[in-house]
Amino acid sequence: MAGLTIKKLTLEEALRLYLRLRPYLPETLTSDYTVSFLRQIVGRMSARDYAEAVCLLTGKQISELDQIDSYEILEAFLQGLIANRLLDLVSFSRSLGL
Amino acid sequence: MPSPNSVILLLHGQEIEVVRARFGRWFCLEDGKAKVEEAVGQRDVGLVVERVCAYLSAASDQPAQAWRDAPWGETALAYLALDRLNAPRQGFPFLSVRETRKSEKVAWDYTGREWYVWLHLFASAYGWSAAEIEDLEIEVGLGLAGEILVEEQLQREFVYSLSETAYPYNPTTKKSEFKPLARPAWMSLDPQAVLAKARQVGKVPAAFLPVGNVIDLWRRPLGGTDD
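For the protein sequence lines, the chains are W and A, in the order given. Take the first sequence: its letters are residues 373 to 470, numbered as in our numbering. Take the second sequence: its letters are residues 85 to 311, numbered as in our numbering.
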């Protein structure tokens, strides 16, 4: 993954990511990141939300994503969700009431 | 096991120890928490983060910007841990029972007045200075505040019971009957007692009972014949 590196998100970036993902998340979450769980999220997402989420996770601009291979983008997205502990983020954001 | 009086948190990978707030700071933190909830209600992420970091800064003596720039896991964990550390360790009725009546805004109200109301409460009851009140333990402050409020209410009830307005005339019984002064919701009744009363099965008035020969179908043996 030469072009895309995963960011460690700050609270503001993480909450913005959560709000992007929120419409596509199931009400109850499983306790681990199964492939089918992550695939379900990606499969439901709109192209805009997907691109915005990738930008948050990689620090890239949407225009920059045009030059990157789609598989590389998908891999960065999935790795980014795992590295930024999506399940903990969802449970924290929900505990705040977001 | 006694509850801890401090917690170790991570900030940019460094361990920091944060001690439990005293009464004055606890009051600021509660105010900060209410502001976070308000920002969540407005669905404004920028404002939520600003207020969470202000809360963390007030609770930990670290700059808000440091919490803002930290990885989200550190900030979120710190917020949850400090909220738990500074939560009252005892249930106080005047904190847990919600008033059903919404108190009206008065002309002399202003932002931040609440703390002065508490200071006034303690200073007039015990003659303590602001610094002494701020340095109370959270539970001591809340417990004493509850006792002052109870005493004030009982005093008010006593004075009221000496006045004529406490004994309105009842034209039905042609007597003056004592009408107690209304108490605040948290002093009125034990919530469990209210629930128990609601569950009680009362006697059915005769007018509501069925007339004639009642056949109790519930107790009839299965397959039985009519008499």
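Think of the hints as simulated: they come from the structure by calculation, not from any bench. Mixed in with the good hints, there may be bad ones.
[Stated by the list, open to error] Far from chain A by the CB rule (all over 10 Å, computed), these chain W residues: (1) E384; (2) E385; (3) T400; (4) L401; (5) T402; (6) L410; (7) V414; (8) A423; (9) C427; (10) E447; (11) L470.
[To be verified] Quick list of in silico lysine to any residue cross-link-like pairs, SDA-like style, CA-CA up to 20 Å: (12) W:K432 x A:E122; (13) A:K119 x W:E384; (14) W:K379 x A:K119; (15) A:K117 x W:R466; (16) W:K380 x A:A148; (17) W:K380 x A:L94; (18) W:K380 x A:G130; (19) W:K380 x A:K119; (20) A:K117 x W:L446; (21) W:K432 x A:K117; (22) A:K117 x W:K380; (23) W:K380 x A:E134.
Just so you know, even glycine gets a beta-carbon here, dropped at the ideal spot from N, CA and C.
Hint check results:
1. Residue-level check failed: W:E384 sits 4 Å from the nearest beta carbon of chain A, not beyond 10 Å.
2. Listed as a non-interface residue, W:E385 fails to keep its Cβ farther than 10 Å from every Cβ of chain A; the least gap is roughly 7 Å.
3. No Cβ of chain A comes within 10 Å of the Cβ of W:T400; the nearest lies about 20 Å off, and the non-interface call holds.
4. Chain A leaves W:L401 outside its interface by the beta-carbon criterion, the shortest separation being 16 Å against a cut-off of 10 Å.
5. Annotated as non-interface, W:T402 keeps its C-beta farther than 10 Å from every C-beta of chain A; the closest such distance is 20 Å.
6. No Cβ of chain A comes within 10 Å of the Cβ of W:L410; the nearest lies about 19 Å off, and the non-interface call holds.
7. For W:V414, the shortest C-beta to C-beta distance to chain A comes to about 21 Å, beyond the 10 Å cut-off, and the non-interface label holds.
8. For W:A423, the requirement that its beta carbon stay farther than 10 Å from each beta carbon of chain A is met, with the minimum near 19 Å.
9. Non-interface call for W:C427 relative to chain A: holds, since the shortest CB-CB distance, roughly 16 Å, exceeds 10 Å.
10. Distance to chain A confirms W:E447 as a non-interface residue, since its nearest Cβ pair spans about 21 Å, more than 10 Å.
11. Under the 10 Å C-beta cut-off, the non-interface status given to W:L470 relative to chain A is violated; the minimum distance is some 6 Å.
12. With a C-alpha separation of about 32 Å, the suggested pair W:K432 and A:E122 falls outside the 20 Å cut-off, and the hint is violated.
13. Restraint check for A:K119 and W:E384: the C-alpha separation of about 17 Å stays at or below 20 Å, so the hint holds.
14. For the suggested pair W:K379 and A:K119, the alpha carbons sit about 29 Å apart, so the restraint of at most 20 Å is broken.
15. Between the alpha carbons of A:K117 and W:R466 the distance comes to roughly 16 Å, so the proposed pair stays at or under 20 Å and holds.
16. Only pairs whose Cα atoms come within 20 Å are accepted, and W:K380 paired with A:A148 is accepted, the gap being roughly 18 Å.
17. Of the pairs offered as hints, the one joining W:K380 and A:L94 holds, with about 15 Å between alpha carbons and a cut-off of 20 Å not exceeded.
18. Note on W:K380 and A:G130: the hinted pairing holds, with a Cα-Cα distance of about 18 Å set against a maximum of 20 Å.
19. Restraint check for W:K380 and A:K119: not satisfied, since their Cα atoms lie roughly 27 Å apart, outside the 20 Å limit.
20. With a C-alpha separation of about 38 Å, the suggested pairing of A:K117 with W:L446 is violated against the 20 Å cut-off.
21. Restraint check for W:K432 and A:K117: not satisfied, since their Cα atoms lie roughly 34 Å apart, outside the 20 Å limit.
22. The suggested pairing of A:K117 with W:K380 is violated, with an alpha-carbon distance near 26 Å, which exceeds 20 Å.
23. Taking the CA atoms of W:K380 and A:E134, the gap is near 19 Å; set against the 20 Å cutoff, the hint holds.
Checked against the numbered hints listed earlier, the structure breaks hints 1, 2, 11, 12, 14, 19, 20, 21, 22; every other hint is satisfied.
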